[in-house]
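**Q** One letter stands for each residue in the lines below.
Number of protein chains: 2
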Amino acid sequence: MAVGDVTMPHMHVVNGVKIGSTEAYVRYPNRRDLVVFKFVEGSHVAGVFTQSAFAAAPVLVSKKHLAESAIRYLIINTGNANAATGQTGVINAQKTCTKLAELAGVESSQVLPFSTGVIGEQLPIERLLDGIQPALQDLKDDAWTEAAFGIMTTDTTPKGASEQFELDGVVYTMTGISKGAGMIRPNMATMLSFVATDAPISQSLVQTLLKTTVEQSFNRITIDGDTSTNDSCIFVATGQAGGVEISSEQDPRYSKILEILQRIMNRLAQLIVRDGEGATKFITVAVEGGENTQECCDVAYSIAHSPLIKTAVFASDPNWGRIVMAIGKAGVPQLDVSKVQVWLDDVQICRDGGAAADYTEEQGARVMAQAEMTIRVDLGRGTAKDTVYTCDLSYDYVKINADYRS
Amino acid sequence: MAVGDVTMPHMHVVNGVKIGSTEAYVRYPNRRDLVVFKFVEGSHVAGVFTQSAFAAAPVLVSKKHLAESAIRYLIINTGNANAATGQTGVINAQKTCTKLAELAGVESSQVLPFSTGVIGEQLPIERLLDGIQPALQDLKDDAWTEAAFGIMTTDTTPKGASEQFELDGVVYTMTGISKGAGMIRPNMATMLSFVATDAPISQSLVQTLLKTTVEQSFNRITIDGDTSTNDSCIFVATGQAGGVEISSEQDPRYSKILEILQRIMNRLAQLIVRDGEGATKFITVAVEGGENTQECCDVAYSIAHSPLIKTAVFASDPNWGRIVMAIGKAGVPQLDVSKVQVWLDDVQICRDGGAAADYTEEQGARVMAQAEMTIRVDLGRGTAKDTVYTCDLSYDYVKINADYRS
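Residue numbers (my numbering), protein chains in the order written: chain A, 1491 to 1896; chain B, 1491 to 1896.
One or more of the hints may lead you astray.
Identical copies carry no separate label here, and so any pair may be met within one copy or between two of them.
[Unchecked claim] With a cut-off of at most 30 Å between alpha-carbon atoms, the simulated BS3-like pairs for lysine-lysine come out as follows:
id : residue 1 : residue 2
1  : Lys1630   : Lys1554
2  : Lys1553   : Lys1829
3  : Lys1554   : Lys1829
4  : Lys1585   : Lys1829
5  : Lys1508   : Lys1746
6  : Lys1589   : Lys1528
7  : Lys1585   : Lys1508
Derived by calculation from the structure, the hints in this document are not laboratory data. No experiment lies behind these values; they were computed from the predicted model shown.
So that you can see chain A by itself, here it is in the shape it has in the complex (with noise of 0.2 Å):
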């Protein structure tokens, strides 16, 4: 079960973008496993993608189609990571390009793969071109929510967020789905990802805009703090609502395109860890105080990937030793703990580096009883701040994993 409000808005149709799907049988029969996005002609595209050493096939082959070619063509299998695979793995990534660009009357590396599921395990090649051809016939403008749904593994509910804003008296769309439950520490980006706007936006901001976002958003959740091969975000400007194209951070209308996009990055980002693998808690952490922003993002991320803070959380336990701990352990240089503030919401629980004394153990439990809560600390330091958001760490969790795949 998700924690809080997961609920799929209601997705507006982007212009420019249509979206197919269909049954491939990846890897369990009767499920819509396999997503192909159509962008207009004209369209610019950019992807950020895991930074991990043995980023998978799609992975590699998607980022060199990237820098040859405009991309006109996703297409997006669940059930099989197609990681680890070797030089097979690639190859079938590229057949998979050229059998979509045969039929649809592209370049071949005009098209973006895309996998996620088991790693380790050869794509069933065969069955996944079979569903290249009913996956375009299926192809229309709204199709977002059915896409949202094609891309889950182990995710308990399909992901979106889709807004309209106008700007210059024309009115656009942002829309955008995510994926992703578990080998969530993403560097670079999640899961998967795909957002897309009708507004005009040039390649060069494109790139612009989805890098600094990811970096708030994506690149600041965490769910068990194990970076997955597949991680991709990729974020699509078709520019078929109309108006100037958007060429430079000085033009009046990137701010606002920016705020937008940032919004519905931090809302695909953080409904990922509000449906965490066994997530029964969702919880900001707050640093501020650092000297720089590294430091409050160690910190951070010390007390976000903490089991045994998670597990204090999923049992309601306001155990702040243990958040005291991961302050302790995170490396942060000559830190005087005399100057450290800790707060649950509200509630402080830490003053000046010990307990505080108005403290007491009825008001920690209050706050983490919420299925929300956010554990502040200030390091008394400096002016930096930075936030990441995480789950708690429940039994749900071992079972989910101890029996994915089995």
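Please arrange chain B on chain A, whose structure you already have, making use of the hints.
**A** What follows is chain B alone, placed relative to chain A:
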């Protein structure tokens, strides 16, 4: 239930060391929770301690006393860590030393205090002080096993190692105990460990021996990646069995002592993993073929800390893609994955970065079903190697840490 053979051996008496204990009611009534060690005058004592910025009050006091004085007593309580307790915590640790010193007729700075248990609460100082006299009255030679019980927290078994050995015709003894079961990813030492020998070793070499052996033992284990505020490891040489003092690493007896101490340290460290909270499997992670030791350790810890691998091992699921994932995210620069090999014991699961052609799930499942296994990785880029020890992540880890304290 601890994994494998964790039987307490015969704990040989160490000449020059006396041990007493009592029930001081630090946290729970009717349990032995206060232990005192007495070392004969002239003993050489060395210590290594947590590198946590939130080092506990007894750690701060112990480091100060070790630098100032010839240590004669240790006093150890379980049930309360006296960590994140501010100036009051330091004063309480000092009071404990002063009371013991008064009763024993030594200087306060000749006493080292140690605490383990819940973080963030003040010691019940009056009950602790009241327990010192009974503990001193209990001092005797043959009480190592009692002491091993007396320092336990969530440990399910006492942990000890003991050997006798002969150097130049003199029989010497080395005996030690340790405790710890969670919050275990020591950085300098484990939760608590105390080792003593009656061999004559100079103060300088006692420190060298301790640092050298801790690096390869307590600094190579992890249960949950969490570093305690109270990690402390003490090594003492009383010299009471006679013989000429060993004062040079060139002394042929030095290498023998080093070998035995390393073996005892390894055993005490690995016993902690075998008794890891909720552990059902003991996992050796051996990484070879690295350019340097650091990258071997980075890969080994990336595997050893991965909740996805630890849950897969718990489930006896040879989900080797997760091992590849952990290698990929370890941050090894310019890793050529086509040279990476991975084995589960003698079964090669990954060859040249992809699935080994002759590998079958049955082979992997056979190894995974064992209570003890080795995950071996060859990075294929150098001659460095290193090994880390860990355990699986089970329902019981969550249960223990969700329930502890409540």
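**Q** If a hint holds in the structure, say so; if it doesn't, say that too.
**A** Structure-based check of all given hints:
1. For the identical chains of this complex, Lys1630 and Lys1554 are intra-copy neighbours only, at 28 Å inside a copy versus 73 Å across copies, given an alpha-carbon limit of 30 Å.
2. Taking the closest pair of Cα atoms, Lys1553 and Lys1829 come within 30 Å of each other only across two copies (22 Å); inside a single copy the shortest separation is 46 Å, beyond that limit.
3. For the identical chains of this complex, Lys1554 and Lys1829 are inter-copy neighbours only, at 22 Å across copies versus 49 Å inside a copy, given an alpha-carbon limit of 30 Å.
4. For the homomeric pair Lys1585 and Lys1829, the shortest alpha-carbon distance between copies (25 Å) is at most 30 Å, but the shortest distance inside one copy (59 Å) is not.
5. For the homomeric pair Lys1508 and Lys1746, the shortest alpha-carbon distance inside one copy (25 Å) is at most 30 Å, but the shortest distance between copies (74 Å) is not.
6. Proximity of Lys1589 to Lys1528 under the C-alpha cut-off of 30 Å is restricted to the intra-copy arrangement: shortest distance 15 Å within a copy versus 79 Å between copies.
7. Taking the shortest alpha-carbon separations for Lys1585 and Lys1508, only the intra-copy value of 22 Å comes in at or below 30 Å, while the best inter-copy value is 74 Å.
The structure is consistent with each of the numbered hints, conforming to all of them.
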